[in-house]
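Once you have looked at the hints, place chains E, S and F on chain R.
Protein chains: 4
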Amino acid sequence: MIKENDRVLLIGEKREFFVRAGEGDLSTDKGIIKLADLTGLDTGDIVKTHLGVSFKIRIPRPVDFFSYAKRTGAPMLPKDIGTVIAYTGMNKKDRVLDAGTGSGVAAIFFGSVAGFVDTYEIREEFSKICAKNIADAGLENVRVNAGDFLSVESDEKYDVIHLDMQIEKEHVKHAYGLLKTGGYLATYTPFLEQTFNVMDAAEDLFSEVVCHELIGRELSRTKRGTRPSTRVCHTGYITICRK
Amino acid sequence: MIKENDRVLLIGEKREFFVRAGEGDLSTDKGIIKLADLTGLDTGDIVKTHLGVSFKIRIPRPVDFFSYAKRTGAPMLPKDIGTVIAYTGMNKKDRVLDAGTGSGVAAIFFGSVAGFVDTYEIREEFSKICAKNIADAGLENVRVNAGDFLSVESDEKYDVIHLDMQIEKEHVKHAYGLLKTGGYLATYTPFLEQTFNVMDAAEDLFSEVVCHELIGRELSRTKRGTRPSTRVCHTGYITICRK
Amino acid sequence: MIKENDRVLLIGEKREFFVRAGEGDLSTDKGIIKLADLTGLDTGDIVKTHLGVSFKIRIPRPVDFFSYAKRTGAPMLPKDIGTVIAYTGMNKKDRVLDAGTGSGVAAIFFGSVAGFVDTYEIREEFSKICAKNIADAGLENVRVNAGDFLSVESDEKYDVIHLDMQIEKEHVKHAYGLLKTGGYLATYTPFLEQTFNVMDAAEDLFSEVVCHELIGRELSRTKRGTRPSTRVCHTGYITICRK
Amino acid sequence: MIKENDRVLLIGEKREFFVRAGEGDLSTDKGIIKLADLTGLDTGDIVKTHLGVSFKIRIPRPVDFFSYAKRTGAPMLPKDIGTVIAYTGMNKKDRVLDAGTGSGVAAIFFGSVAGFVDTYEIREEFSKICAKNIADAGLENVRVNAGDFLSVESDEKYDVIHLDMQIEKEHVKHAYGLLKTGGYLATYTPFLEQTFNVMDAAEDLFSEVVCHELIGRELSRTKRGTRPSTRVCHTGYITICRK
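Protein chains in written order, with our numbering: chain R, 1 to 243; chain E, 244 to 486; chain S, 487 to 729; chain F, 730 to 972.
I should point out that these hints are in silico values taken from the structure, not numbers from a laboratory. Hints may be right or wrong, so weigh each one.
Claimed, not checked - So the derived list for chain S, only partly shown, Cβ under 8 Å to chain F, looks like this:
{"id": "1", "residue": "Lys542"}
{"id": "2", "residue": "Arg544"}
{"id": "3", "residue": "Pro548"}
{"id": "4", "residue": "Leu700"}
{"id": "5", "residue": "Tyr723"}
In this text, a Cβ means the ideal position worked out from N, Cα and C, and glycines have one as well.
Chain R extracted, bound-state conformation (with noise of 0.2 Å):
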């Protein structure tokens, strides 16, 4: 049910808008809808404008952030973030830490999935703009950091760390001092020589490294027929390092 200053989409024939319940109004070319009406609404239910036009409301899930967060630059795909989730097995248990956060998008499913996240990032501008995005998402257990991944000191250790940054063999060794035995070190790196520093820096304190490539692909379905699209197939490599 939506509460007061809660994140909302509204959607209408070939139009979408993403607002906040409460105070003020939207205008749209399909009339006026008024943002205190939201509230005690839930996803799939209907609100009218003054003109009596519909909109479908849809309370945003994680995917939603992708289109609605304020970017600092092109974030992670899903497909590199589900990865991450699934080849560290991250779950409602963990303690995780996410550094090289930019926007916080990563930052955001991994607060949809895990317990607590803490999210590092040195760009004190796009520090603000994550933070902004994890209040709009709604996640009380995201806490935004700004700082170095190298200062991070905890005497709680982690189950699961992410770095998508500029990897030196100093983060490796220092994500492994701060992880739980069994957790995972998980990287992101688009070129290859950072892979390559990442898997030897890892290689000899790890009991596990792999570094996965993903090539993704849409199927096109349309009248003249099927076949797999032509767009954007190459990210980034991520490699799993489980101590």
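Positioned in the frame of chain R, the structure of chains E, S and F alone reads:
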């Protein structure tokens, strides 16, 4: 902290044992471990055999059930499970239905992520194996049902429905009826013909239908050099349909 | 050695011109070149403009016609043309039939490899463009025919038949009749449905039917690092059928 | 038409024999064939055993040498050979140098396409096997040389140089010196490190350097359905450098 009857991994040099804390002994080539000694310990702790050889304790994570769950056939690979989780944005608040669950490996991942999972398997003997695996994983939020997906009725709608089975048009239609607005149907189909069936049936019902193919490769790094490995790289098509 | 009317590439700094040796002048921003001066020269020789600026001569190779042939649509990519040549073992002794030739780019490659090529294009305006491109490539062993593949009759059988067109069962059957024992039919089909048609029609006739899909990527190496590029990577399916 | 000493394939039901026309007999489980009877016959003709069982004659094509050439290791796959032929535009007028030829399978393809091929193999025992395979393929335009590529000197330049060997910077430089303007160096390297070496060495010398990776899959179509097969899909990187 390990309680009686919990599943535990004991990691020694080049050997691993998947045991249950509680009564009885584990006999290894390095000596005997009393399983009652495991209760109260935690991941990373050490237990010794009567010959003084150390084994490290690891509380199993979902990924460990790939190796240790009893199987009924080839389970979905993590890359495909991750794709379902990420593209549906599966999360702690979700009510999930998983049909055609087989030995329940995907259900173990979904159960570790989602709030509640109903899992259906029509073949009774598989359903029993699934129940055993789910119990081993200690997941109390997964309900194992022996039955046909088409006979599922529910007053409370689902956020995500995952189907890994021979899918006909009626399954897609039935799934639509069981989903919340904004919720997702995710299907896994190894063959193109079934994939076409799903896409065609979903096209008229759902607001968005995207079929993903993921070609996964590992990067092999040895003294001779680095190269993509040539291991299995295609498994199936994952179609994501949003209501 | 360049003869009158031969096509020639003139390579200057950051500019390239595709000209014809013989009458007339080429005006460039670096001065004028008399095209009669090109006859008698060879690949690697230098020609100068009236302002003394050097251009290097290159006698065009089949690959240059990707850039300079007049087009009628998107031509087959070299990776796909190479697949046809290699999997059929196309060679100097071969009599080849190429139908659905479009602007004739694949025919230029086949003509440079095979003994003789008959190329068919049903759309007369495309056939004319093809004839012009073939003439530009200086290939006297390629005969350009405007007509329907299904109407082709030949006492002398072919070693290789290549079809790049909307293919029905009857095309596969007709191709079978025109081939020598041990010869190959190679079809290029962008869509899966057509590919299925070809495979099904060929299955009962040919001794061996293999369908190839080639996902091609370039490796991009810059100062930032090395990574697979994300450019177009699928074009079509190539089915190789041996009589 | 088959001449004495030519290699011939005899195709029976579920059996194939690779023989030499001329003296002697072939004993099969279906009876004896006199090899002298093959001379004067042609592809598609029938020869019978003394028991009256028919075998169809097939004059081998380059692709047949994948199955029947004596091997020294894993040969390049047709997809990679085709890529070299297509991206260099290899043709009947070309003078080609192929170094690191192994058993000569790629050289058989190049020899069937190009005007003349010089093939180098530093290991003498491989060079002998290569010479035997080339002779079996009946290619009189391929000269087999036992020797080191770096020691090759030639007044007449090459149109295409293909290297399938451990490549150092000096090999790339040496190849540059032996090529005509507009000609191509094509290298085949299984590992990324070598690929980087080639690209870096070529970058400063050649006018164009493009590295291709080809992931090849077969489409498997059975009664159960159609799906990409999961067989080997990566072999190596092919770098194409234009002088």
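These are the hints, each one checked on the structure:
1. The restraint placing lysine 542 of chain S at the interface with chain F holds, with a minimum CB-CB distance near 6 Å, inside the 8 Å limit.
2. The beta carbon of arginine 544 of chain S comes within 4 Å of a beta carbon in chain F, closer than 8 Å, and the hint placing it at the interface holds.
3. Because the beta carbon of proline 548 of chain S sits about 4 Å from the nearest beta carbon in chain F, less than 8 Å, this interface hint is met.
4. The restraint placing leucine 700 of chain S at the interface with chain F holds, with a minimum CB-CB distance near 5 Å, inside the 8 Å limit.
5. The restraint placing tyrosine 723 of chain S at the interface with chain F holds, with a minimum CB-CB distance near 6 Å, inside the 8 Å limit.
No hint from the list above goes unmet by this structure.
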